[in-house]
Each structure stands twice: as structure tokens, then as C-alpha cells.
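Chains as they are written, first to last, in this note's numbering: chain H, 1077 to 1259; chain E, 200 to 359.
Don't take every hint at face value.
When the alpha-carbon atoms are kept at most 35 angstroms apart in a straight line, the in silico DSBU-like pairs for lysine-lysine are as follows [said to hold, decoys possible]:
#1 E/Lys268 - H/Lys1199
#2 H/Lys1191 - H/Lys1171
#3 H/Lys1253 - E/Lys272
#4 H/Lys1191 - E/Lys272
#5 H/Lys1168 - H/Lys1253
#6 H/Lys1168 - H/Lys1199
#7 H/Lys1253 - H/Lys1199
#8 H/Lys1191 - H/Lys1168
#9 H/Lys1191 - E/Lys268
#10 H/Lys1171 - H/Lys1199
#11 H/Lys1253 - H/Lys1171
The set of hints was computed from the structure by calculation and includes no laboratory data.
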Amino acid sequence: VHVRPRLYWPITLAAAALVGLLAYGLASKGTDDSLDQSVANGTPVTAPVSTLPRLGATGTGSLADYRGRPVLLNVWASWCDPCQEEMPLLEKAHKRMAAAGGTVLGVDVQDDQEKALGFLRSKRITFPSLRDRDRAYVHEFGVTGYPESFLIDARGRVVALSRGPVDQAWLDAHLPKVLRERA
Amino acid sequence: MRRGAAAVLLAFFALAVPAVAATPRTTLPDVEDEVMCVECGTALNVSQSPVANQERELIRRLIAQGRSKAEIKAALVDSYGPDVLAEPSDSGIGVAAWWIPVVLVPLGLLVALLAARRWRRRGAAAAAAGAGGVAGAAGPDALDEADARRLDAELSAFDR
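Produce the complete structure using the sequences and hints provided.
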């Protein structure tokens, strides 16, 4: 196709802008696995911190509120079946951690608050949860599905993570070390 | 007696008006096609995932409470974030969806205007050339004298 010289540059620039926009869109939707790589290499990364509304309570809370204590941050939603299966184990882990000064901290994502509270009541969950309604906070952890868990030591660093439900073996492998450090 | 009946009727209609005003103003399909399933990335009216079912349940509950469509959408945003609305976000890549039409529509109008002006000029030039040809001026399609003579000769040969 013959393109007039006068139109060559405007058309080329417009096409380049569209390609750039597409590339930016793809890059911004991509997942970040740098946290996984750092944890796998044994180089703990400081956990992202953000102030979020408390689930079932007034006011806000943050991971920073638990600085100096080990935290098992669990990302969940009441409509997520694997999260429902995992919850009793997390409640047990919370009691174990609480005895050593730690806690499980839930982050309820994209959930109907009424349903979420009903879900916690039905499972007799006692650990606190924050609400991340638009996934902005958990996105910083590279979360792509639910549930996912991040073990954070007393210095606020992610030392282990589970991209999927945790099991007793995972808890036994990682909890004792962070609880010992706290003690 | 009649006055009593009239008073009862009046009271009934006076109470009925607010009751009608409080009836649900929207329906599930009316809201569903303007809302997304937050996990699937598809419109809620074609989604069947657990979170989509929960969103529908919330919409039904709010409809039953007589909430308006705007109130229901606000409640959905409060639970699921702005991504639940089937419209581009006003940050990140979503901004492009708002600004590209704003830039492209005036640009398209400008191009159409320039093209129309060019076509009009060409049309006027062609018309002028055509008019000149009728008047005997040598236009681009006019025959020179030799060709005109040859054409006349050949046409007269047909007449014989």
C-alpha cells in the first residue's frame, strides 16, 4: 500500500502509541513472582503494609499493628471452597501462635461482609480479619487465587508462603522457627 | 356514614402512595448486565462461579429491601471494589478507555472535515473543467484537431 510521505509519521506514531498501550496493559495485568523467588532463595523480603478496614468491627488495622510478633497472614473469601476447608486448621494454628505471642491475621477479599461474618461464626474463628475489597493489598503479595498464606516473622519479613491451602505438614515445617525466634 | 367511608378511602390512598414508592425500583436482570463477576472477568449475567452466585444473592437481598439500582451498585462496590462495575476504571490502563474516545472522536471529525473540503474542491475543479470543455476551451479530455477530423471521418463512414 502506498502511503503518502505526509501521512507516514502520524500513522507510524499512532500505531506505536497503540502498541505501547497494549504492552502496558499486558504488563500491568501480569503476576509478580519476585516474592516467591526471594523466599525460595532464603532471602526474606519485608512484607507489604497497608491500612485496611477491620472485618466486623469499626476502624482500621494493619500488619504493622503486629510488628514484633510472628503473623500468619491468610488471604480468604467466604465463597471460596478451599478456604472453608482450610479454616479449622488455621484456627488451630492461631491458638498455637497466640500461645507464643503470634497471631493468624485474615485478609478477606472481595466478599459480602454479612456472608463473611456468617462464615467466620459458622467455623468458630477467633482470629482477626481485615477487608481488602478490591485486592489492591494482596496484589502486592502477588496473590492470584484463594486461599494463600504468608508467614511473617517478628521483624516483618515474609519467610514462607503457600500459594494454595496450607496443611499440617506446611505449618509444622515453618511455624516452629518463627515462634522460637519470638521466644 | 359516607363521610366515614370517604375518610377511610382517603387514608388508604394516603398510605398507599408511599407504599408504592417503596416497592423495588429495579430487577436482578436490570442490575446484572451492568455488573461484573469479579473473579471471572465476565458480565455477571453470564457468570456461574461461586462469587457470581454470591453477588447475585446480595443483589436479590438489596432488591428485596427496596434499594434503587444506584444504591445496589454502591453496595456492590463497597463489598467487591470498583472492578465490580462493568465500566473501565479511572486509573491505570482503564484511563485509556475513557481518553481514547475523547481524542479519537474530534480527530475523526477533523479528518472527515478535511476530506470533505478536499472532495468539494476537486468536484468544483472538475465542474469548472467540464464547463470549459463545453465552451470550447481545451480541457484535459478535449480532442485535438487531428483526432476530431478522424472521428468525423469515421462517423460519416458509418452513415454511408
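Quiz item: Can the restraint linking H/Lys1171 and H/Lys1199 be considered satisfied, given a maximum Cα separation of 35 angstroms?
Solution: holds, 14 angstroms
Quiz item: Do the alpha carbons of H/Lys1191 and E/Lys272 lie within 35 angstroms of each other, as the hint requires?
Solution: The hint holds at about 18 angstroms.
Quiz item: Keeping to a limit of 35 angstroms between CA atoms, is the pair of H/Lys1253 and H/Lys1199 held or broken?
Solution: Given that 35 angstroms is the threshold and the Cα spacing comes to 28 angstroms, the pair holds.
Quiz item: Are H/Lys1253 and E/Lys272 close enough, with their CA atoms no more than 35 angstroms apart?
Solution: Judged against 35 angstroms, a Cα distance of about 46 angstroms means the pair is violated.
Quiz item: CA of H/Lys1168 to CA of H/Lys1199, is that 35 angstroms or under?
Solution: Status holds; Cα separation ~12 angstroms.
Exercise. Given the hint that H/Lys1191 pairs with E/Lys268, test it: the Cα-Cα distance must not exceed 35 angstroms.
Key: Distance of about 21 angstroms is within 35 angstroms: holds.
Quiz prompt | Restraint status (C-alpha distance of E/Lys268 to H/Lys1199 at most 35 angstroms) | solution = holds, 33 angstroms
Quiz item: Does H/Lys1171 lie within 35 angstroms of H/Lys1191 when you go C-alpha to C-alpha?
Solution: With a Cα-Cα distance of about 24 angstroms, the restraint between H/Lys1191 and H/Lys1171 holds, given a limit of 35 angstroms.
Quiz prompt | Given hint H/Lys1171 paired with H/Lys1253 - CA-CA distance at most 35 angstroms | solution = holds, 16 angstroms
Quiz item: Does H/Lys1191 pair with H/Lys1168 here, judged by a C-alpha cut-off of 35 angstroms?
Solution: holds, 22 angstroms
Practice problem: Sort out whether H/Lys1253 lies within 35 angstroms of H/Lys1168, counting only the CA atoms. | Solution: Satisfied, since the Cα-Cα distance of roughly 17 angstroms is no more than 35 angstroms.
The structure fails hint 3 only (numbered hints given earlier).
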